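> The residues making up each chain are set out below.
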Amino acid sequence: MSSASPTRDHVWRALADIPDPEIPVISIVDLGVIADVRIVGRRVEVDFTPTFMGCPALDTMRAQMEEAIRGLGAEPDVEVVLDDSWSTDRITPEGREKLRAAGFAPPTPRGEGTTLVQLQSNGFRCPYCGSRETALENIFGPTPCRSLRYCRDCKQPFEQFKTI
Amino acid sequence: MNERVQLLLALADDELLLGWRNSEWTGIAPSLEEDVAFSSIAQTEIGHARALYELAARELGTDADALAFDRSLDEYRSAPLVELRRLEWARTIARHWLYETADAIRLESLRASEDAELAGIAAKIDREEVYHRIHAEMWADRLLASDEGRPRLEEALDELWPYALGVLDEELRPELVRRVEAKLGRTMSDVEPVARGTHEAELAELLDEMTMVRRSAPAGARW
Numbered sequence: 000m001s002s003a004s005p006t007r008d009h010v011w012r013a014l015a016d017i018p019d020p021e022i023p024v025i026s027i028v029d030l031g032v033i034a035d036v037r038i039v040g041r042r043v044e045v046d047f048t049p050t051f052m053g054c055p056a057l058d059t060m061r062a063q064m065e066e067a068i069r070g071l072g073a074e075p076d077v078e079v080v081l082d083d084s085w086s087t088d089r090i091t092p093e094g095r096e097k098l099r100a101a102g103f104a105p106p107t108p109r110g111e112g113t114t115l116v117q118l119q120s121n122g123f124r125c126p127y128c129g130s131r132e133t134a135l136e137n138i139f140g141p142t143p144c145r146s147l148r149y150c151r152d153c154k155q156p157f158e159q160f161k162t163i
Numbered sequence: 000m001n002e003r004v005q006l007l008l009a010l011a012d013d014e015l016l017l018g019w020r021n022s023e024w025t026g027i028a029p030s031l032e033e034d035v036a037f038s039s040i041a042q043t044e045i046g047h048a049r050a051l052y053e054l055a056a057r058e059l060g061t062d063a064d065a066l067a068f069d070r071s072l073d074e075y076r077s078a079p080l081v082e083l084r085r086l087e088w089a090r091t092i093a094r095h096w097l098y099e100t101a102d103a104i105r106l107e108s109l110r111a112s113e114d115a116e117l118a119g120i121a122a123k124i125d126r127e128e129v130y131h132r133i134h135a136e137m138w139a140d141r142l143l144a145s146d147e148g149r150p151r152l153e154e155a156l157d158e159l160w161p162y163a164l165g166v167l168d169e170e171l172r173p174e175l176v177r178r179v180e181a182k183l184g185r186t187m188s189d190v191e192p193v194a195r196g197t198h199e200a201e202l203a204e205l206l207d208e209m210t211m212v213r214r215s216a217p218a219g220a221r222w
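So the protein sequences, as listed, match chains D and A.
According to numbering that gives the first Met the number 0, the first sequence is numbered sequentially starting from 0.
According to numbering that gives the first Met the number 0, the second sequence is numbered sequentially starting from 0.
The set of hints was computed from the structure by calculation and includes no laboratory data.
Hints may contain errors.
As the list claims (entries may be wrong) - Covered stretches of chain D (chain A as the covering partner; in silico rule of three or more C-beta atoms under 8 Å from a C-beta of chain A):
(1) 51-58
(2) 123-132
Claimed, not checked - Across the chosen pairs, the derived CB separations fall in these ranges:
(3) A/Asp64 <-> D/Val39: 42 to 50 Å
(4) D/Ser84 <-> A/Asp62: 19 to 27 Å
(5) D/Ser84 <-> A/Trp222: 37 to 45 Å
(6) A/Ser215 <-> D/Pro23: 32 to 40 Å
(7) D/Arg12 <-> A/Thr25: 20 to 28 Å
(8) A/Phe68 <-> D/Ala15: 31 to 39 Å
Being a predicted model, the structure only gives us computed values, none of them experimental.
Every residue gets a Cβ at the ideal spot worked out from N, C-alpha and C, and that includes glycine.
When you get a sec, could you build the whole thing from the sequences and use the hints?
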């Protein structure tokens, strides 16, 4: 443990090492769930804006943030922000690329809407072959954040991160 | 118990019980796709319930699990619509579509609330409910477009209509009438709503099953 308080940079770097518990290729910072970090003496305040409310990974994320902050010798104070400040638009460009590389099609920007017409359009690229010839198989998937799609070109089913 | 807590509990109870009812399709839905869909919708609804119970618990000095599982039947503030056991597809889709339609109206109203915390959580819930609504509309359209599906769905909608009205406070009901009539292209009957405050016989059975594991554990058990 260091004797000095950590800086905000230290905290952001420590948080950036925490993987998403369900999609570990992406960090919680890439995911955009950290809204703010403040240093108040020995205490580190984090505003945590969660993803999907039914996501079982939220408790794990919070526990890992607290552990990382204690690892810097500070006292964590993680405040959950329960409003609509998190959206998939908060996922960083790096995070989107990591999702794609791991076989998840990243979410489309919110402005493009979430109507069935849009979901059934071929605006989604297959993360394996890049084809736009993909079809919606199921709006719902194995976790609240994912839909299931199928690539007609490379015949590969894949998961689409839902836009919210 | 103040009005705000009562409202939070009504919303949370609706989402929790409907989540449980939706989860009854896990493994036995007409197709694998619907096993996944109803299970995922159940998970999201129960997630909403948890967040709403946490807000209420903060005011009541308890926790979300205690509110979800340790109250007596009379203390639940759920709408009777979500208490019904509907293991028949047309009735399930009728309840799903009516609930999502009513819930959308309720969330729009809450998003405009002067209570910033309530408006915030309603906005967050609404983001996720968009997908439930797409699913409900898609199934309603599919049944309405088929010769066998239409009469079965229409019959179930008529049967559940007084229950659907009961999900909403009186001032929001005309908007539900408007949206349902616009979708079906006909007039809904002017009936007495089956409102909050009474419970369906099926609720006792549901609560018994829902709280079984928690009741079986010694006091103070941690999960």
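> Now tell me, hint by hint, if it's right for this structure.
These are the hints, each one checked on the structure:
no., hint, result
1, 51-58, "holds (count 4)"
2, 123-132, "violated (count 0)"
3, A/Asp64 <-> D/Val39: 42 to 50 Å, "31 Å, violated"
4, D/Ser84 <-> A/Asp62: 19 to 27 Å, "25 Å, holds"
5, D/Ser84 <-> A/Trp222: 37 to 45 Å, "30 Å, violated"
6, A/Ser215 <-> D/Pro23: 32 to 40 Å, "34 Å, holds"
7, D/Arg12 <-> A/Thr25: 20 to 28 Å, "42 Å, violated"
8, A/Phe68 <-> D/Ala15: 31 to 39 Å, "38 Å, holds"
Of the numbered hints given earlier, the model fails hints 2, 3, 5 and 7; all others are met.
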